[in-house]
Amino acid sequence: MIEEVEFLEPASVEEAAGLLARHGDEAKLIAGGQTLIPMLWQRLITPRYLVSLKSIAGLSAVEKDRQGNLLVGAGATHRTMETSPLVREGWPLLAETIEKVAAPQIRNLGTLVGDVCHSDYGADPPAALLVMEARARIVGSGGERWLPLDNFFLDLYGTALAPDEVLAQIEIPAVPDGAATAYLKYCLRAMDPAIVGVAVMLSMKEGRCQDARIALNGASPVPYRARLAEQALKGWPLDEGHIDEAARLAQEQAEPMSDSHASAEYRGRMVNVFVKRALRAAEERASR
Amino acid sequence: MTEYQSVGKSVTRLEALDKVTAETKYGVDLKFPGMLYARILRSPYSHARIGRIDTSGAAALPGVRAILTTDDSPPVSYNAVYSGLSDKFVKHLVQDQRVFDEVVRYVGEPVAAVAADDPLIAERALELIDVDYEPLPDVFTPEDALAPGAPLVHDESPNNIVGRPIFFQMGDVEKGLAEADVVLQERYTTPRHQGTPMEPHVCVASWDRQGKVTIWTSTQIPFRVRFVLARVLGISEGRIRIIMPQVGGGFGAKQEVSIEPICALLAKKAGRPVKLELSRSEEFACTTTRHGAIMDLRMGARKDGTLTAMDGRLILDTGAYVAHGLGVATLASISFTGIYRCPNLRYEAKVVYTNLSTSGALRGFGQYQVLFPVESHMDMLAERLGMDPLEIRMKNHIQVGEPDPRTRFILESCGLDECIEEGARRIGWHKKRQQRSEGTVRRGIGMSCIMDVSGAKPFLPEQSAAMIKCNEDGSVTLLTGVADTGQGIRTALAQIVAEELGIGAEQVHVTAGDTEITPFDLGNYASRTTYVAGMAVRKAAAEVKSKLSEAASEMLEARLEDLVWEAGRIYPKGAPQKAVSVPQVARYAQHTKAVSIMGTATHTPPHNAPGFQAHFVEVEVDTETGRVKVQRVVAANDVGKAINPQDCEGQIEGGILQGIGFALSEDLRFDESGHPINARFSEYEVPGPDWVPEIETILVEPIEPTGAYGAKGIGDIVVTSMAPSIANAIYHATGARVRRLPLSPENVLQALDESKGSGAAG
Amino acid sequence: MNRKRVPLTLTVNGEEVSLNVEPRQTLLEVLRDELDLTGARRGCEENFCGACTVLLDGVAVHSCSVLAVQAQGSKVTTVEGLAADGRLHPLQEAFVEYGALQCGYCTPGMVLSALALLTEKPRPTEGQIREHLIGNLCRCTGYVKIIQAIQAAAAKMEGGAP
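Chains as they are written, first to last, in our numbering: chain A, 1 to 288; chain B, 1 to 762; chain C, 1 to 162.
The reader is advised that the hints may include incorrect statements.
[Said to hold, decoys possible] Just a sample of chain B residues kept apart from chain A, beta carbon distances all over 12 Å, derived: (1) Pro119; (2) Phe140; (3) Arg231; (4) Lys269; (5) Ser281; (6) Arg341; (7) Lys593; (8) Leu664; (9) Ser682; (10) Thr697; (11) Ser744.
[Unchecked claim] Which residues of chain C face chain A? A partial, calculated answer using Cβ under 7 Å: (12) His62; (13) Leu88; (14) Thr125; (15) Gln128; (16) Ile134.
[As the list claims (entries may be wrong)] Which chain B residues stay away from chain A? Per the calculated CB distances, all over 10 Å, these: (17) Leu177; (18) Ala230; (19) Gly238; (20) Ser553; (21) Asp690; (22) Leu749.
No lab work stands behind these hints: they were computed from the structure.
Note that CB positions come from ideal geometry on N, CA and C, so glycine has one too.
Could you put the whole structure together from the sequences, leaning on the hints where they help?
Here it is as structure tokens:
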């Protein structure tokens, strides 16, 4: 049962950051609330203040900037992206990922930025965002900074956000011409978090891999880019030997954990299986 | 087959309109003036002695109206399912439970309870109660609990074994094994499953000034709750009224006294109505589960497939208290010995205490833990003998006219051959069995057969009663003690009454599950209600019919024996133009003849009319991940006469999906301190709609002479087939045999690794 | 019990409602405890089972995981608002006809989830229905008849029924 709480509705991100600075540990940001509210119910946390982002004008926008980047505001729901032709056409990996997030009810209210900030290792969006080399615009009471998402996830549920900072927007660069992408999620029920989720972006030229980006969630306490695996593919055809090697390197990098859905050992093994499958899926799309 | 006007028709649920518009009120919807809200403080220790409990902080919190602790616990021990036992069994009854004990024996056992003006105050109050726990050594697996020197869960039970092992033997097992051409011995394990009815347990209690308590509770067994509460509260049954509101699912999970004593005691202490609702995590962690089990099974067969011996040793993990433990062990003995004819049988079951939550009833009661082993074994025996799995089953299964070895009841109806043949035909068994799948994702096909009793005779004094009163509009009101938790029993009983009287089922008003108003019934368990209560209702309806005939005879000035009943009208033989309707006769009886027409009956069935099924599955096994997907199910069920075919299908489809969850993923697990690991829907994997295979149901309807219109039970049996059918299909697809449930990706992958290691072929 | 309340205005089943709620109250609690709309039900407390599904501005949400104050100014539809002029909604009719309910606890949430789907995709495939319903658990029916009922209702609604 949720404890008594005050619901604060700042008019700007700066004001929200100011409220966080003032109330410290006693305040929590709330966007869609889809992860937060169940935590409040179970009394895992009992903040005195909820600072809502919903009242901030313009924060729910999903739009393209002049440089061709996709900008996703902290209030933008999964549904907004799921139904956005802009996202579907320009960032198909994001669309493919969002469709696999939990259930429609949750996507209708939950936000992409919220998923990133909660940094649950089984959440789907981080792998895709890492592969697309997204950046976060972070607003604190002292000002604003930009941070590549690659440097955002620090440890289990821990991020680079300071207590008084708000992740206001995520910037996703345009997908390189000709790059093929895929996100494979392995879980037993569609509603579940990923046991392993693998996002791949692949550029092929004359049968050889020009560029490969691979990122995983579920596999470790934090989502990560499998850079050694990526290196092992560059310049080579995607034959069985190279795919096996990439999968082996990605698995080696994983620090899998045990939870109710899978043991650490099994997770590690699935990293190997699904990196291979994701590479093959992307390659197939690349060759179309 | 006889054509009936109501029985055998898919009559719409009586309460369907109310359910689809949310007019139906569940226990969670009840509110009374002045009602308080309760919460339970639960032990964080798996085994501990309770020392001082300081409630002063909680008592000082404004809005707190009553607090209960060990000091308020009635000085009696009880068994949460005790009732309806014949005297012979009562002396063996283990009464090991208290409302609040000085020793807690599992994580989540109640230590104290609070009633307050609202739920938030009650939750805050719990945080202010200070308890001194003295931790005691604990034990979490039955194997550890049976080891010499293991900590004792109950001091009175040396070796942690409840009572004496359940034992049955017939013939000479060693001799039978010696005569066999093939002998197989294996160990199987099955996990703890949670029933997870969608509505969590809820109870409202309210006392009057005469010392009488009314309790609205989400139970499957209102009369048995009354019986146990009488002992716990120290008052007689007549001072307790149990009312079942609509209950949001049970499946066995609501088949024992659980939160009612705490709720009643809080209401008494506070002098106000009290409502107690469990959270979903309490539901997972603190209500009963299926008994986890280990079974060592030896079976022998001759070259022609004839079974020569079955020897099963079962260990059931009952958790902290016995509750249904001995009942499951006993009913499992029928499941084990009943389905296949075998001259040499031995069955032994030990019910073992551990420091985990109490195990209890769950759909598939007494079958699940023994038939996954037996049906896996049957396939392996068939393979060793070069036989088709269907052939070995058809050769050995019990036939009409044969006695059950355990109960000595003679089988009077059996549609199993038809289930097997028709199921095999529809799924394309003979062709698909020949196909061998290759590659990463492999397909396979498997099946199993299950037999299950309708009711718990001879172990319980099975009985149901019914009262029917005729209203002056010709409709009738049926009072029945049965518990409708969603399976649709009220509609089925209304159809039986309607059939008997030649009226529409909508003309039968049903009041069920109120111990003050309705006659006695043992409750909703063991697939018994259509079979037992159905006959009680039919008898009561026959009495109403005969009294209506008397009135009609007077009204028509015709001799009783000359009256013809036809489609709700009555006329003297040869004179249909004189026909009067049931409403006319009812009105005549009430207002002219001045007689109230009523019928009453009690029924105790002569035996337990087993139902049968053959369930076929096609699966896909991903050999890299170990993941199994069920693609198609053909489910053939001998249900006796299907009173309501649509509801029968619904039972089968729902049972199959539960069965798929029980088989593939569901497994309530605990960490090394006895805390549940996956006590949430997000972590305990019940199937969602994305798991639904193509399901084809086949109703096979041999007439069971001891059931109303030939009906038998259907509720329990339907969940049991999926685990052995899927395990057999996995073997067919991959050559890997999985003997540990669930058939989860990890367990399947392990079996695949082992089968590769051993060089076994698919 | 003098906890702080704040004003809230909602349009519930077409009718504007103004009341004072605690910011800690979920939409589910406000619907059930303050407005006596018991069709929304608690089956868990973790945004999973879907028994509490209602429509918020036309889309399905788990009302256990929305604070009432977050719904300020929104339109809420509960199962109580579906039957118009004493006539069942075609989805409700189909659930009755196909026997798509047993204990009935999950039924209102299922019906509303299905309604959200049919509003967006009037003729969904069986696969789309399953995908859409993953946020609604049912433990009784095995979903088979629920899926059939939704298909039947879709056909009926497209044929011009309300």
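Identify every previously stated hint that the structure contradicts and give their numbers, smallest first. 1, 5, 8, 9, 11, 13, 14, 15, 21, 22
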